[in-house]
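2 protein chains.
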Amino acid sequence: MKIIVGGADLSNAVMKVSKAISVRTTNEILEGIKLSVKGDNLTLIATDMEIAIEKTVMCDTYVEGDALIPGKIFTEFSKKLENEDQVEIETEENGRIKITYGSSEVKFAALPVDEFPVVKKDLRDKTFSILQKDLKEIVGRTVFCCSTNESRPILKGCLFEVTGDILTAVGIDGVRLAMAKKKIKSASGDFKVIIPARALGEITRLLEKDEEEITFVSENNSLMLEVDGTVFITRLLEGNYMNYKQLIPTEFVTTVRVGRTSLLNSLERALVVAKENNNLVKLDIKENCITVFANTESGNVNESVTVNFEGKDMSIAFNSKFLCDALKAVGDEFVNMYFINNISPLIIKPYSGEEYLYLILPMKINSQV
Amino acid sequence: MKIIVGGADLSNAVMKVSKAISVRTTNEILEGIKLSVKGDNLTLIATDMEIAIEKTVMCDTYVEGDALIPGKIFTEFSKKLENEDQVEIETEENGRIKITYGSSEVKFAALPVDEFPVVKKDLRDKTFSILQKDLKEIVGRTVFCCSTNESRPILKGCLFEVTGDILTAVGIDGVRLAMAKKKIKSASGDFKVIIPARALGEITRLLEKDEEEITFVSENNSLMLEVDGTVFITRLLEGNYMNYKQLIPTEFVTTVRVGRTSLLNSLERALVVAKENNNLVKLDIKENCITVFANTESGNVNESVTVNFEGKDMSIAFNSKFLCDALKAVGDEFVNMYFINNISPLIIKPYSGEEYLYLILPMKINSQV
Chain F
302 MKIIVGGADL
312 SNAVMKVSKA
322 ISVRTTNEIL
332 EGIKLSVKGD
342 NLTLIATDME
352 IAIEKTVMCD
362 TYVEGDALIP
372 GKIFTEFSKK
382 LENEDQVEIE
392 TEENGRIKIT
402 YGSSEVKFAA
412 LPVDEFPVVK
422 KDLRDKTFSI
432 LQKDLKEIVG
442 RTVFCCSTNE
452 SRPILKGCLF
462 EVTGDILTAV
472 GIDGVRLAMA
482 KKKIKSASGD
492 FKVIIPARAL
502 GEITRLLEKD
512 EEEITFVSEN
522 NSLMLEVDGT
532 VFITRLLEGN
542 YMNYKQLIPT
552 EFVTTVRVGR
562 TSLLNSLERA
572 LVVAKENNNL
582 VKLDIKENCI
592 TVFANTESGN
602 VNESVTVNFE
612 GKDMSIAFNS
622 KFLCDALKAV
632 GDEFVNMYFI
642 NNISPLIIKP
652 YSGEEYLYLI
662 LPMKINSQV
Chain Z
302 MKIIVGGADL
312 SNAVMKVSKA
322 ISVRTTNEIL
332 EGIKLSVKGD
342 NLTLIATDME
352 IAIEKTVMCD
362 TYVEGDALIP
372 GKIFTEFSKK
382 LENEDQVEIE
392 TEENGRIKIT
402 YGSSEVKFAA
412 LPVDEFPVVK
422 KDLRDKTFSI
432 LQKDLKEIVG
442 RTVFCCSTNE
452 SRPILKGCLF
462 EVTGDILTAV
472 GIDGVRLAMA
482 KKKIKSASGD
492 FKVIIPARAL
502 GEITRLLEKD
512 EEEITFVSEN
522 NSLMLEVDGT
532 VFITRLLEGN
542 YMNYKQLIPT
552 EFVTTVRVGR
562 TSLLNSLERA
572 LVVAKENNNL
582 VKLDIKENCI
592 TVFANTESGN
602 VNESVTVNFE
612 GKDMSIAFNS
622 KFLCDALKAV
632 GDEFVNMYFI
642 NNISPLIIKP
652 YSGEEYLYLI
662 LPMKINSQV
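For the protein sequence lines, the chains are F and Z, in the order given.
By our numbering, the letter at position 141 of the first sequence is numbered 442, and the numbering carries on one by one without gaps.
By our numbering, the letter at position 338 of the second sequence is numbered 639, and the numbering carries on one by one without gaps.
Careful, some of the hints might be misleading.
You can't tell identical chains apart in this list, so a pair holds if it fits in one copy or across any two.
[To be verified] The calculated lysine-lysine pairs, modelled on DSS-like cross-linking and capped at a C-alpha distance of 25 Å, are:
#: 1; residue 1: K622; residue 2: K380
#: 2; residue 1: K380; residue 2: K576
#: 3; residue 1: K576; residue 2: K381
#: 4; residue 1: K622; residue 2: K373
None of these hints come from the bench; they were simulated from the model.
This structure is a prediction, so every number in the text was calculated from the model and none was measured.
Can you build the whole structure from these sequences, using the hints too?
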């Protein structure tokens, strides 16, 4: 292959696909970025066998062909070519790839391009479309609840389920569950996949145009989407997701409405002290007031937060960090908190609307607190 | 002691002095922040016995007195009080410090305040004053050349020397030397100290008003300065600094004038490849052109940079990182480079003016390159 491509185009494309380069592998093939030239197009692709990212840019083509270039050093080098008008890339017969810019050049040893895996990307089975800003919101509200634990691999992903015109996303680890809902723009029908949390993280990084739609396409165990000419493909998690609906209680003893930021501020201060004791904070919930306690060798915090209260008094303990996560994700001015007793899940919802639900299991109350 | 202080004032003051809290110590006293209340003033101070930072804020005083509070957790906690109008701080008889804000409170175990070291700060021997922006520039151009090696402790500091109305700062490690000069605003006379690099780093972080003056005061082995009500004191390094002037050659064989950013870009690209070989790059200097070579297993870079040239051709090798550091510090559009031969120091200066000089020793040319 032999082409000329703009330095900024090249640098940008390499940066995008480099996110899929395998970092922890003994297979050097997966550390490469594959360049393919056909017609006026240079296509770059990288994959670690879980996700794949592909980006095509225009080029002036002298000779079509393919090459596989060591990904990490090529990425670092390309960043420093972004101000070059013209970058020439040429494969040499000695198995090297020569890159020429201005009156300078660099050569890298090519990897065997034939060994690079084929990434299937013409998926066509099921689709749905959603606004980019809605996808960003729904991922931001759930993905942090996915498990990072290998013991139940299925929970390392988010459930994405479309029914009618509503997308429901769910993340669960052992202790908490987050569920977010959003209206979608269109769908080919019902849709149900489990997307690895890491893939969702990379997908949201590609989203730059809030008001534009993005289309998910799935077939068998693969999911594909395209953002601004960048094609993103991920393997889906296979197996049965937890029956999350049956985890969510519907009858409660105590209901509290509280200003989100005032409770969040109190919990964050308590967390400073609670850190050395597994983040454990105790909440005493009474008429008009939640008192937040954290007692450790570092210090003793005693915070009062005014609330609207209905039901029975209650003493209950939580991982303060997980409560803070919930209050950050809710994003409303006020939140509703629904308690049953000090060994049953707490449900947190925004005061307005049904678009978000967070469930968290209490911690056992330590006699010290 | 018992006072009321604004949350933002407290948070800001704690943040400033916390930079002097000792982090690697077995002496818990030095991990504390001392609070002293006298009249309407709350004074906070922390020291690790090398540097000390003191900040005074206004407060409403009910009872004067002192207290020593664990620094790390107090710093973290204070950050989360910055939106509180009023924070009450009170020492309790049980050896605790109670902090009350709104209807909430936290208690920390006090440390024995009498054991906190006395920091001498009424220095008065020698002084000079310089614009903050000039100090920032002179430090930025030299401090990165200070040694980090314990074998010659004196080189872990910058020489600051005032002669007439010129401040000269010098940093030296084993391989390179940076010297920067600036006109000062006033001085009590000649001035010569060696300031630890770490202290200079902390001092520049305090500088926020470019056009205001800052005054250095030294007495014996201490240096003090005050920025916007924050008093900074540092121990000085004692001993004889290297006779740096005799290290700087004055006769050269080859002189080159080159565009700073074009050479910097080339060296940074070469560095990507050279990293795995101690950053070694070779420069071939000929009529009108410097060619930069880096050859490693990762790849081969061959960069051409156009120059104005006078003298003999030359092949010479350097640590590319150190050359890049110099070119970043020079900050002029063009730089002059003065060569003798491939085992003698290279001198780099800005094209205009004599305010900066950088000296770097070559590396031995490896036959591979």
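Status of the hints after comparison with the structure:
Taking the shortest Cα distances, K622 and K380 sit within 25 Å of each other only across copies (17 Å), while inside one copy they are farther apart (38 Å). For a Cα distance limit of 25 Å, the shortest separation of K380 from K576 across copies, 16 Å, qualifies, whereas the shortest one inside one copy, 40 Å, does not. In this homomeric assembly, K576 and K381 come within 25 Å of each other (Cα to Cα) only across copies, at 15 Å, whereas the closest approach inside a single copy is 42 Å. Taking identical chains as interchangeable, the C-alpha atoms of K622 and K373 lie at most 25 Å apart only when they sit on different chains, with a minimum of 19 Å there against 35 Å within one chain.
Consistency with the previously given hints is maintained throughout, with no hint failing.
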